[in-house]
Amino acid sequence: MPFGNLASRLQETFKKLSGRGKLSEKDVTAALREVRLALLEADVNYKVVKTFTDKVKERAVGHEVLSSLSPAQQVIKIVNEELTELMGGTLSKITLASKPPTVIMMVGLQGAGKTTTSGKLALLFKKQGHRPLLVAADIYRPAAIKQLEVLGEQVGIPVFSMGDTHSPVDIANAAISHANSHGNDIVILDTAGRLHIDEDLMEELVQIKEKTKPHEILLVVDAMTGQDAVNVAEAFNEQLGIDGVVLTKLDGDARGGAALSIKTVTNTPIKFAGISEKLDGLEPFHPDRMARRILGMGDILSLIEKAEASMDEKKAKELAEKIKRAEFTLEDFKDQLQQIKNMGPLDQLIGMLPGMGQLKNLKGGLAVDDSHLKSIEAIINSMTVEERQNPSIIGGSRRRRIAQGSGTRVQDVNRLLKQFEQMRQMMKQVSGMGKGKKKGRNMLPFFR
Amino acid sequence: MGWRNIFRRRKDDEIKNTTDTLSTETVSTENTETKNNFFQRLKSGLSKTRQGLFGKVESLLTGRTIDEELFEELEDLLIQADVGFETTMYLIDELRERAKRDKLKEGIQLKETLEQVIVSIFSENAAPLAIGDNSPAVIMVVGVNGAGKTTTIGKLGYRLKQEQAKVLFAAGDTFRAAAIEQLETWATRIGVDIIAHKEGSDPAAVAFDAVAAAKARKADVLLLDTAGRLQTKKNLMAELGKVYRVVSKELGREPDEVLLVIDATTGQNALSQARLFNEVVPLTGIVLTKLDGTAKGGIILALSHELKIPVKLVGVGEQNEDLQDFDPESFATALFSD
Ligand SMILES: Nc1nc2c(ncn2[C@@H]2O[C@H](COP(=O)(O)OP(=O)(O)O)[C@@H](O)[C@H]2O)c(=O)[nH]1
Ligand SMILES: [Mg+2]
Chain A
0 MPFGNLASRL QETFKKLSGR GKLSEKDVTA ALREVRLALL EADVNYKVVK TFTDKVKERA
60 VGHEVLSSLS PAQQVIKIVN EELTELMGGT LSKITLASKP PTVIMMVGLQ GAGKTTTSGK
120 LALLFKKQGH RPLLVAADIY RPAAIKQLEV LGEQVGIPVF SMGDTHSPVD IANAAISHAN
180 SHGNDIVILD TAGRLHIDED LMEELVQIKE KTKPHEILLV VDAMTGQDAV NVAEAFNEQL
240 GIDGVVLTKL DGDARGGAAL SIKTVTNTPI KFAGISEKLD GLEPFHPDRM ARRILGMGDI
300 LSLIEKAEAS MDEKKAKELA EKIKRAEFTL EDFKDQLQQI KNMGPLDQLI GMLPGMGQLK
360 NLKGGLAVDD SHLKSIEAII NSMTVEERQN PSIIGGSRRR RIAQGSGTRV QDVNRLLKQF
420 EQMRQMMKQV SGMGKGKKKG RNMLPFFR
Chain B
0 MGWRNIFRRR KDDEIKNTTD TLSTETVSTE NTETKNNFFQ RLKSGLSKTR QGLFGKVESL
60 LTGRTIDEEL FEELEDLLIQ ADVGFETTMY LIDELRERAK RDKLKEGIQL KETLEQVIVS
120 IFSENAAPLA IGDNSPAVIM VVGVNGAGKT TTIGKLGYRL KQEQAKVLFA AGDTFRAAAI
180 EQLETWATRI GVDIIAHKEG SDPAAVAFDA VAAAKARKAD VLLLDTAGRL QTKKNLMAEL
240 GKVYRVVSKE LGREPDEVLL VIDATTGQNA LSQARLFNEV VPLTGIVLTK LDGTAKGGII
300 LALSHELKIP VKLVGVGEQN EDLQDFDPES FATALFSD
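Chains as they are written, first to last, in numbering that gives the first Met the number 0: chain A, 0 to 447; chain B, 0 to 337.
FYI, nobody ran anything at the bench for these hints, they're computed from the structure. Think of the CB as a built atom: it goes at the ideal place given N, C-alpha and C, for glycine as much as any other residue. It is possible that some hints are incorrect.
Said to hold, decoys possible - If you want the footprint, here are the derived chain A segments under chain B, 3+ residues with CB under 8 Å: (1) 30–42; (2) 98–110; (3) 131–144; (4) 194–203; (5) 225–236; (6) 254–262.
Produce the complete structure using the sequences and hints provided.
Put into structure tokens, the structure is as follows:
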């Protein structure tokens with residue numbers, strides 16, 4: 000299973016990365032190798048992958064590693080940001096003509112989903128109070144006209160057709176006159192699927208464009224498309240000048256790298272996503288979701304987001320206040336550890352946090368690996384609320400009780416209490432330092 | 000009954016003929032008119048993908064010595080043809096090994112080796128269309144939406160009819176708007192019978208009736224269309240499984256062929272398609288469609304390598320004659336054309 004392998008390869012790479020502070024070229028290169036694979040597995044065109052990773056590399060090398068992230072995670076974060084940006088903002092708007100009807104022309108390869116998408120789009124407009132007209136301009140594929148007629152009937156939208164004996168150019172022309180005389184403010188032309196290298200049929204589209212002056216030419220692309228997506232999109236765009244893209248069949252498990260390829264070569268927005276065979280299955284396209292899907296590193300991205308979320312400003316301020324008032328309790332300590340636990344490999348993480356480096360130098364070291372974290376949690380959990388608020392009341396017998404309750408040894412409880420006290424002392428100093436000066440600068444990252 | 004052996008025969012001689020014809024750039028004139036047209040269509044279909052035989056590889060390899068950089072560039076070519084990372088790695092490793100073993104130095108020497116490796120992946124599990132032994136032979140055609148199932152049935156029906164087989168169609172796509180009419184149009188166009196129910200009816204019932212009719216009418220081949228479905232849709236896949244079981248029961252054996260239709264423009268998702276379809280209906284072969292475009296269909300290399308399902312037919316257009324037997328050599332060649 001390629002994905003399984005990918006995931007484990009990624010883990011391996013991440014383990015090897017050890018950079019601190021700024022991202023080194025070596026770290027970036029190693030992480031990007033995995034990103035390249037991920038993108039290729041998602042069917043992003045290999046040239047697009049190369050341009051993209053080069054660009055990311057430029058941005059990433061020398062970049063500060065966020066305190067909450069590992070270097071590899073930092074690279075992935077940058078990749079995700081770049082990818083989302085490249086995919087564009089949410090632009091699921093169709094430009095409506097100032098003087099109706101607005102003409103929308105659907106084009107694409109055979110079997111991409113033009114007819115179904117035409118029906119879906121018409122339904123969308125109808126729901127918005129428009130009066131769309133569907134036009135059957137595919138005179139080639141057997142029963143293509145009938146297909147559109149059936150769809151039109153299902154959603155209660157008129158379908159204009161002249162059979163398969165007139166040229167699509169004539170049909171399109173006549174349809175616009177029809178729309179004018181019947182008060183249809185939107186005309187959707189369903190053209191036949193064609194290969195981008197079929198000169199005659201491409202010329203036919205050019206003719207339709209010249210005659211009907213469409214306001215939107217939408218290229219319909221199957222989300223499962225592979226490396227060839229760039230050739231297709233480039234050819235359609237060069238010959239017609241497309242205004243947008245609809246990505247279909249996204250309800251499957253295709254990673255949809257074609258979206259990135261197409262966006263890169265045409266620089267036109269992807270406006271809609273087809274997410275079901277049903278006629279209400281058309282959604283505005285979400286670039287951020289697509290970027291995630293293409294990258295296929297959901298777990299890692301969630302982790303990165305969690306880490307960022309746990310840096311939530313408001314919470315941080317509250318805690319800072321607590322520290323100043325020396326109210327920081329074992330309860331808070333546990334909360335904090337809980338948050339760190341969600342962020343990634345603890346030992347690395349703690350070491351990287353500004354301020355926490357000092358904690359590491361504490362006598363006996365602060366136990367921060369996962370198993371230690373578990374026992375810390377267990378110990379705190381075995382304390383009463385009172386004990387957590389005010390550890391000074393924890394004497395010998397209470398220590399024995401806590402050790403027993405948490406399945407640890409009395410020494411462990413002793414060590415934790417000692418470390419906690421040291422930490423409190425340090426915090427006092429740190430927050431004291433902040434007084435009157437730039438606040439929060441050198442503080443523990445938790446409290447930024 | 001001549002048609003029973005056509006695929007075997009074609010595999011052995013006619014395809015060789017075709018290849019010869021193509022490489023010598025002359026069209027055989029000894030055949031009947033239809034045959035002649037057939038070969039001409041084959042040729043024009045292929046010529047689109049054949050331009051500059053092995054062009055890219057040749058220009059890459061010429062004048063180069065074999066080194067890692069060259070392997071990396073070959074890797075790019077394979078990736079670009081949708082072969083996919085895993086299979087590309089396999090091919091390159093294989094190439095590297097053979098180059099070492101045979102002490103190859105010149106880049107251009109890799110060309111033949113590469114072609115051999117590719118062809119050997121396909122020949123490991125090559126098999127002709129298995130429709131010579133049973134009557135009626137039942138071919139079930141499955142795949143995702145828009146892959147080219149119905150068109151493939153139309154073209155295959157045409158071809159079998161040309162060979163004097165008695166063909167029956169079954170309009171098993173009762174879901175998509177006007178899918179039944181689409182197959183009916185084909186049936187009329189090429190002059191074969193069709194079993195069809197109303198849109199929205201149970202596809203298993205259509206299949207049942209079709210098998211019964213094929214037996215009663217002594218049809219030679221029954222071609223069963225199915226609705227396109229994404230392989231991740233549990234209930235639609237279960238529905239397909241049911242159709243398969245109904246056919247098997249009524250037939251007294253499993254269908255002779257279950258062909259998965261894959262669009263040549265498809266990328267890595269084809270692997271998921273083949274895997275998941277195969278879990279529900281045991282696939283016997285693959286039809287690769289739309290090879291008349293610029294997509295190389297390299298994913299079938301991954302399919303053959305990883306899943307061992309033979310590729311049987313290729314689609315090269317939308318006309319009656321635009322269906323060919325799969326030929327590993329010309330495929331390997333076309334994979335690297337410009
Ligand atoms: N160029 C080309 N188009 C094809 C080929 N096979 C099918 N098509 C077209 O692809 C579209 C979808 O085919 P269809 O048979 O309806 O797909 P289905 O949904 O899988 O049954 C139609 O427009 C067909 O004409 C092929 O080999 N080459
Ligand atoms: Mg169909």
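A quick look at each hint next to the structure:
Under a criterion of three residues with beta carbons nearer than 8 Å to beta carbons of chain B, the stated coverage of the region 30–42 of chain A is upheld, 5 such residues being counted. Coverage of the region 98–110 of chain A by chain B holds. Counting CB-CB distances below 8 Å, 3 residues qualify, and the rule asks for three or more. Residues of the region 131–144 of chain A with a Cβ under 8 Å from some Cβ of chain B number 5, which satisfies the need for three, so the listed coverage holds. With a cut-off of 8 Å between beta carbons, the region 194–203 of chain A has 3 residues touching chain B; three or more are needed, and the interface restraint holds.
By the rule of at least three residues with a Cβ nearer than 8 Å to a Cβ of chain B, the coverage given for the region 225–236 of chain A holds, with 6 such residues. Evaluation of the coverage hint for the region 254–262 of chain A: fulfilled, as 3 residues show C-beta separations to chain B shorter than 8 Å, against a requirement of three.
Figure legend: structure checked against the earlier numbered hints; every hint is met.
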